[in-house]
Amino acid sequence: SKINGGGANETKEVSSADSRLKYAVLYPPFSVPGLTTADNIEDDFNLYTPTTAITDNDQLITRKQYTFTGALTYDIIDDLKFRSDIGYEVGNNTNDRFYGLTTYYIRNIPIGPNQGKPALTIANSNRVSLRSTNTLSYNFKKILPSNHNLTGLLGQEYLKVENSVLTNVIHGYPSNFSFSDTRLFSTQGDPFSVDNAFAQDDKLLSFFGRANYDYKGKYLLSVAFRADGSSKFGVGNQWGYFPSISGAWRIIQEDFMAGTKSWLSDLKLRASYGASGNNNIPTGQILQAYTNSTTGWINGANSFWSTGKIMYNPDLKWETTVSRNIGLDFSFLNSKISATADVYLNNTKDLLILYPITGAGYENQYRNIGETQNKGLEFGVNYRALQKKNFDLSFNANISFNRNKVVSLGAIENINGTSGWASTAIG
Numbered sequence: 029s030k031i032n033g034g035g036a037n038e039t040k041e042v043s044s045a046d047s048r049l050k051y052a053v054l055y056p057p058f059s060v061p062g063l064t065t066a067d068n069i070e071d072d073f074n075l076y077t078p079t080t081a082i083t084d085n086d087q088l089i090t091r092k093q094y095t096f097t098g099a100l101t102y103d104i105i106d107d108l109k110f111r112s113d114i115g116y117e118v119g120n121n122t123n124d125r126f127y128g129l130t131t132y133y134i135r136n137i138p139i140g141p142n143q144g145k146p147a148l149t150i151a152n153s154n155r156v157s158l159r160s161t162n163t164l165s166y167n168f169k170k171i172l173p174s175n176h177n178l179t180g181l182l183g184q185e186y187l188k189v190e191n192s193v194l195t196n197v198i199h200g201y202p203s204n205f206s207f208s209d210t211r212l213f214s215t216q217g218d219p220f221s222v223d224n225a226f227a228q229d230d231k232l233l234s235f236f237g238r239a240n241y242d243y244k245g246k247y248l249l250s251v252a253f254r255a256d257g258s259s260k261f262g263v264g265n266q267w268g269y270f271p272s273i274s275g276a277w278r279i280i281q282e283d284f285m286a287g288t289k290s291w292l293s294d295l296k297l298r299a300s301y302g303a304s305g306n307n308n309i310p311t312g313q314i315l316q317a318y319t320n321s322t323t324g325w326i327n328g329a330n331s332f333w334s335t336g337k338i339m340y341n342p343d344l345k346w347e348t349t350v351s352r353n354i355g356l357d358f359s360f361l362n363s364k365i366s367a368t369a370d371v372y373l374n375n376t377k378d379l380l381i382l383y384p385i386t387g388a389g390y391e392n393q394y395r396n397i398g399e400t401q402n403k404g405l406e407f408g409v410n411y412r413a414l415q416k417k418n419f420d421l422s423f424n425a426n427i428s429f430n431r432n433k434v435v436s437l438g439a440i441e442n443i444n445g446t447s448g449w450a451s452t453a454i455g
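Each residue of the sequence shown is one higher than the one before, counting from 29 in the working numbering.
Keep in mind the hints are simulated off the structure, nothing from the lab. Ideal Cβ positions, reconstructed from N, Cα and C, are used throughout, including at glycine. Careful, some of the hints might be misleading.
Lysine-lysine pairs mimicking DSSO-like chemistry, simulated, CA-CA at most 27 Å apart [stated by the list, open to error]:
#, residue 1, residue 2
1, K364, K337
2, K364, K433
3, K244, K188
4, K364, K403
5, K289, K417
6, K433, K403
7, K246, K289
8, K92, K231
9, K231, K417
10, K289, K92
With beta-carbon atoms standing in for the labels, derived distance ranges [unchecked claim]:
#, residue 1, residue 2, range
11, A227, I385, 17 to 27 Å
12, T90, A227, 16 to 26 Å
13, Y411, D113, 38 to 48 Å
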């Protein structure tokens with residue numbers, strides 16, 4: 029896919045939309061050879077026409093993605109089944125970003141004779157991911173007595189993601205070059221930097237198991253357990269263990285509910301308890317990272333390497349959320365009206381937070397700190413007004429009450445927030 033323009037914008041530009049409209053009579057919307065000069069393109073207050081602002085902040089994004097999937101199922105013996113799934117994805121994104129004469133970038137970033145001249149940034153990013161899942165499932169129906177149903181599953185999953193970005197920055201194009209000119213004649217500019225960045229591989233190895241049991245479809249129980257190992261964490265903290273259990277009771281099938289079946293179609297009580305993990309942080313946070321730079325200076329000398337802004341932390345571990353839920357499902361009048369009600373309580377601890385630090389030469393560090401709580405009530409109802417062979421009509425309504433609470437921030441005294449205000453005068 030291609031995105032032409034791509035919403036290019038510069039947050040530090042000072043020419044507002046209303047200013048461009050007010051000064052439209054003073055500044056020509058298009059550059060006319062022989063008539064338009066630098067004096068009537070730009071003034072002391074950086075007021076530009078809308079067309080200039082658009083053409084000088086331009087980009088072209090090209091995205092290509094190839095996905096390959098496959099699956100194999102094999103019945104080893106009766107009721108014992110093996111399944112293997114594999115997925116392979118290759119993605120390539122190219123982002124060509126143009127900075128024209130009126131941009132903040134051109135006036136402040138290039139140095140020497142290249143300042144004030146058009147520039148082009150070419151970023152080529154590649155992503156390759158591999159996912160492999162293997163499961164072994166068994167149905168115990170031939171072993172257990174009638175009315176008892178039990179299925180079991182054991183599985184293993186492997187996920188690997190590789191990312192790289194090649195960035196070329198070119199300054200000093202001729203002043204009359206447009207976006208298309210810089211892309212067609214890239215050698216007419218002065219190469220400023222070439223950065224080839226490789227992210228540490230993101231690897232995840234998982235083992236899991238699940239058992240589902242029910243008796244006459246009336247009493248249901250499910251137990252699961254998974255162990256996840258992530259390359260984002262160091263030795264001793266790579267593995268997280270997450271159990272879960274859930275159960276349900278179809279009350280409508282009990283003998284003492286026989287007198288209600290004329291108007292009550294279904295009534296089921298359910299509950300669940302489980303833990304899940306989160307490792308959603310950038311790779312490489314447990315090791316010291318260096319950034320290659322053309323503007324780094326050490327003892328007055330230009331250095332190609334400098335430490336990153338984020339300090340490493342070898343003690344990082346999984347963020348864990350424990351979820352609890354109790355729900356009730358019921359329906360009336362041959363399921364013409366159905367409803368659900370849920371009450372839940374979730375606690376998350378060891379939050380993976382980008383923590384601000386000072387005095388160490390770094391700006392931030394990822395840490396496991398704090399705890400949050402999320403609880404609430406949800407209620408939904410569905411009314412099936414009409415059901416025909418080729419036509420259905422139903423109405424849905426829901427309401428929820430939710431409360432989030434920061435139980436602990438660890439060493440952080442407060443959560444910083446930002447606010448802003450902007451307006452455009454009309455008339």
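Evaluation of the provided hints:
{"no.": "1", "hint": "K364 to K337", "result": "60 Å, violated"}
{"no.": "2", "hint": "K364 to K433", "result": "38 Å, violated"}
{"no.": "3", "hint": "K244 to K188", "result": "42 Å, violated"}
{"no.": "4", "hint": "K364 to K403", "result": "30 Å, violated"}
{"no.": "5", "hint": "K289 to K417", "result": "26 Å, holds"}
{"no.": "6", "hint": "K433 to K403", "result": "9 Å, holds"}
{"no.": "7", "hint": "K246 to K289", "result": "16 Å, holds"}
{"no.": "8", "hint": "K92 to K231", "result": "23 Å, holds"}
{"no.": "9", "hint": "K231 to K417", "result": "50 Å, violated"}
{"no.": "10", "hint": "K289 to K92", "result": "57 Å, violated"}
{"no.": "11", "hint": "A227 to I385: 17 to 27 Å", "result": "23 Å, holds"}
{"no.": "12", "hint": "T90 to A227: 16 to 26 Å", "result": "21 Å, holds"}
{"no.": "13", "hint": "Y411 to D113: 38 to 48 Å", "result": "39 Å, holds"}
Hints 1, 2, 3, 4, 9, 10 from the earlier list are contradicted by this structure; the remaining hints agree with it.
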